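Engineer: With these hints in hand, go ahead and build the complete structure from the sequences.
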Amino acid sequence: AQSVTQLDSQVPVFEEAPVELRCNYSSSVSVYLFWYVQYPNQGLQLLLKYLSGSTLVKGINGFEAEFNKSQTSFHLRKPSVHISDTAEYFCAVSGPGQAGTALIFGKGTTLSVSS
Amino acid sequence: NAGVTQTPKFQVLKTGQSMTLQCAQDMNHEYMSWYRQDPGMGLRLIHYSVGAGITDQGEVPNGYNVSRSTTEDFPLRLLSAAPSQTSVYFCASKPQGVFDQPQHFGDGTRLSIL
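Just so you know, the sequences run in chain order C and U.
For the first sequence, this note's numbering gives the first residue as 1, with consecutive numbering after it.
For the second sequence, this note's numbering gives the first residue as 1, with consecutive numbering after it.
Simulated from the structure, these hints should not be mistaken for lab results.
Fair warning: this is a prediction, and the values are worked out from it, not measured in the lab.
Among the clues, some could well be false.
Here are the simulated DSBU-like cross-link-like pairs (lysine-lysine), alpha carbons at most 30 Å apart as the crow flies [as the list claims (entries may be wrong)]:
| # | chain 1 | residue 1 | chain 2 | residue 2 |
| --- | --- | --- | --- | --- |
| 1 | U | Lys14 | C | Lys107 |
| 2 | U | Lys9 | C | Lys49 |
| 3 | C | Lys69 | C | Lys58 |
| 4 | C | Lys49 | C | Lys107 |
| 5 | C | Lys49 | U | Lys14 |
| 6 | C | Lys69 | C | Lys107 |
| 7 | C | Lys49 | C | Lys69 |
| 8 | C | Lys58 | C | Lys107 |
Structural biologist: This is the structure in structure tokens:
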């Protein structure tokens, strides 16, 4: 069975500081990995995804993530955050269902950016 | 494009009542799914469907029924609501078997069971 662990439930940072949101996964098969962002009272929006190839993945809004197979990690980073990055972030791995379409989500990390 | 549309956006029910959460997509996606989101729990898969007439259970299916009579619609039914079903429900869709396409999420239905 696949699972996802987000190591920090809350991450407070100051504006323009760098941030890293940590995600570890568990799977006995090849996986596809995703980061989603949820702004207050909204649905989820895809930030970036890793399917194959280069282990450094760039996404929207200046975010990037690095896939590390040996450490089974997929940490999300941004070199300089803005107030508008305040949101909840979810790491997800492809799960059961035909062709690995279903997603298994972590419990989320709340990023709070203050001035 | 409307994308994934969920109705209603908010609903309050009494214990034991039944209701149907509606989900419709206009992207001709084969795959549709329902998640519930609870504080500190992330999103958990309730049911999913890989096409009309085909549904399967996810991680937390108890208390919920689904059917898929058309490609566009994937309603979620609560037959006898319980306070434990108070949650935010999200519907999502994507093309089946196309790994580089993300799941598209609706804006959610906030459901309170009293």
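Engineer: State for each hint whether it applies.
Structural biologist: Here is what the structure says about each hint:
1. U/Lys14 with C/Lys107: 28 Å, holds
2. U/Lys9 with C/Lys49: 28 Å, holds
3. C/Lys69 with C/Lys58: Measuring from Cα to Cα gives roughly 17 Å; hence the hint holds.
4. C/Lys49 with C/Lys107: Satisfied, since the Cα-Cα distance of roughly 18 Å is no more than 30 Å.
5. C/Lys49 with U/Lys14: 40 Å, violated
6. C/Lys69 with C/Lys107: 21 Å, holds
7. C/Lys49 with C/Lys69: Since the Cα atoms of C/Lys49 and C/Lys69 sit roughly 15 Å apart, the hinted pair holds (cutoff 30 Å).
8. C/Lys58 with C/Lys107: 22 Å, holds
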